[in-house]
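Make a model of the complete structure from these sequences and hints.
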Amino acid sequence: MSTLTDLFNAIPGQWEKVIATVALIAIGMLFSHLWARYLSRGEISAEKRRLHLVWARNVIWFMIFTIVVSVWASTIAGFALSLAAVAGAMLIVSKELLMCVLGYLYITLVRPFKVGDLIEINQLNGRVIDIDMFATTLAELGYAGQLTGKVAEFPNGMLLTTPLKNTSPTGEYVLHLFRMPLPEGAAHDLDQVEVAALAAADEATRTWQTEAEAHFRKISDESFIAFPSAHSKVLWDFSDPKQLMLVVRIACPAQQRLKVEQFIFRETWRALSRDKA
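Start counting the sequence shown at 2; every next residue gets the next number (my numbering).
Since the hints were derived computationally from the structure, they do not count as laboratory data. It cannot be assumed that every hint is accurate.
To be verified - Listed next, with one range per pair, are the computed distances between beta-carbon atoms:
| # | residue 1 | residue 2 | range |
| --- | --- | --- | --- |
| 1 | R267 | L245 | 16 to 24 Å |
| 2 | S71 | A215 | 46 to 54 Å |
| 3 | R38 | D222 | 38 to 46 Å |
Said to hold, decoys possible - Only pairs whose alpha carbons sit at most 25 Å apart, straight line, appear in this in silico DMTMM-like list of lysine to aspartate or glutamate:
| # | residue 1 | residue 2 |
| --- | --- | --- |
| 4 | K49 | E223 |
| 5 | K151 | E121 |
| 6 | K260 | E214 |
| 7 | K166 | E121 |
| 8 | K49 | D118 |
| 9 | K234 | D203 |
| 10 | K49 | E212 |
| 11 | K219 | D118 |
| 12 | K260 | E212 |
| 13 | K260 | E141 |
| 14 | K243 | D192 |
| 15 | K166 | D222 |
| 16 | K166 | E154 |
| 17 | K260 | E121 |
| 18 | K234 | D192 |
| 19 | K115 | E223 |
| 20 | K234 | E173 |
| 21 | K115 | E173 |
| 22 | K115 | D131 |
| 23 | K49 | E141 |
| 24 | K260 | E195 |
| 25 | K234 | E268 |
| 26 | K151 | E141 |
| 27 | K49 | D133 |
| 28 | K260 | E204 |
| 29 | K151 | D131 |
| 30 | K260 | D203 |
| 31 | K166 | E97 |
| 32 | K49 | E173 |
| 33 | K166 | E214 |
| 34 | K260 | D118 |
| 35 | K49 | E121 |
| 36 | K166 | E223 |
| 37 | K219 | E204 |
| 38 | K166 | D131 |
Where is the CB? At the ideal position from N, CA and C, for every residue including glycine.
Written out as structure tokens, the structure reads:
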């Protein structure tokens, strides 16, 4: 009881602001809940539903935070001078927290990624599923973009000090590179290996080849960036003298990278086995 009395005495004449702050927080929670229920009843995809939920939630709480700060502006200004020394110490102590907030502002203003994008940062690789003021949440991806079932988070402050890769700037279609080890005994005829791998790649991507080509051409025109052709391509990786690697580059839908890669691998091996027989 004495604790409550001390608290009441500490904020004389401020009860209107306290009540307004509590009411604003309650309104923010109510609107967030109602928006989530509204989206759950819609017939949009789960990815778009998540994008709309995160966007609306961040807008609601940013507005609530701005209004609360304006309500308490006079009180904050009154304490500003007396807390100058304390503020300096708090700035040092709360450096990481401040960097997270600045990282969130960086995401909001620069938009290096958004919910649904595939990103890589500090050995983390995943699809962005949530962004708040302090951290970004990823659904972790493993080999060839396959979901691992794990969720990873990193503080937004990392964006100010760590390079980030957005691996989905091209939207629906992506350029995918993978390596295949050269089978034993095939080193004597590299042309044969190239022909077999290229034929398998063309067969795997024939369904969407024209559409992917038009897609990359449109992105190049809109972003003024010369993206590579969507045509399949094979190269040799000879960085390891003990193991020659064939590098295959294809254009395919992001969700089908592993399926296409496995198809090309099997068809190439079958072709080489038939020629060897």
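Status of each hint after checking the structure:
| no. | hint | verdict |
| --- | --- | --- |
| 1 | R267 with L245: 16 to 24 Å | holds, 20 Å |
| 2 | S71 with A215: 46 to 54 Å | holds, 50 Å |
| 3 | R38 with D222: 38 to 46 Å | holds, 41 Å |
| 4 | K49 with E223 | holds, 23 Å |
| 5 | K151 with E121 | holds, 15 Å |
| 6 | K260 with E214 | holds, 20 Å |
| 7 | K166 with E121 | holds, 5 Å |
| 8 | K49 with D118 | holds, 12 Å |
| 9 | K234 with D203 | holds, 9 Å |
| 10 | K49 with E212 | holds, 23 Å |
| 11 | K219 with D118 | holds, 19 Å |
| 12 | K260 with E212 | holds, 19 Å |
| 13 | K260 with E141 | holds, 19 Å |
| 14 | K243 with D192 | holds, 19 Å |
| 15 | K166 with D222 | holds, 22 Å |
| 16 | K166 with E154 | holds, 16 Å |
| 17 | K260 with E121 | holds, 22 Å |
| 18 | K234 with D192 | holds, 13 Å |
| 19 | K115 with E223 | holds, 19 Å |
| 20 | K234 with E173 | holds, 20 Å |
| 21 | K115 with E173 | holds, 15 Å |
| 22 | K115 with D131 | holds, 9 Å |
| 23 | K49 with E141 | holds, 19 Å |
| 24 | K260 with E195 | holds, 20 Å |
| 25 | K234 with E268 | holds, 16 Å |
| 26 | K151 with E141 | holds, 5 Å |
| 27 | K49 with D133 | holds, 17 Å |
| 28 | K260 with E204 | holds, 13 Å |
| 29 | K151 with D131 | holds, 14 Å |
| 30 | K260 with D203 | holds, 14 Å |
| 31 | K166 with E97 | holds, 22 Å |
| 32 | K49 with E173 | holds, 14 Å |
| 33 | K166 with E214 | holds, 23 Å |
| 34 | K260 with D118 | holds, 20 Å |
| 35 | K49 with E121 | holds, 21 Å |
| 36 | K166 with E223 | holds, 20 Å |
| 37 | K219 with E204 | holds, 24 Å |
| 38 | K166 with D131 | holds, 17 Å |
Every hint, counting from the list given before, is met by this structure.
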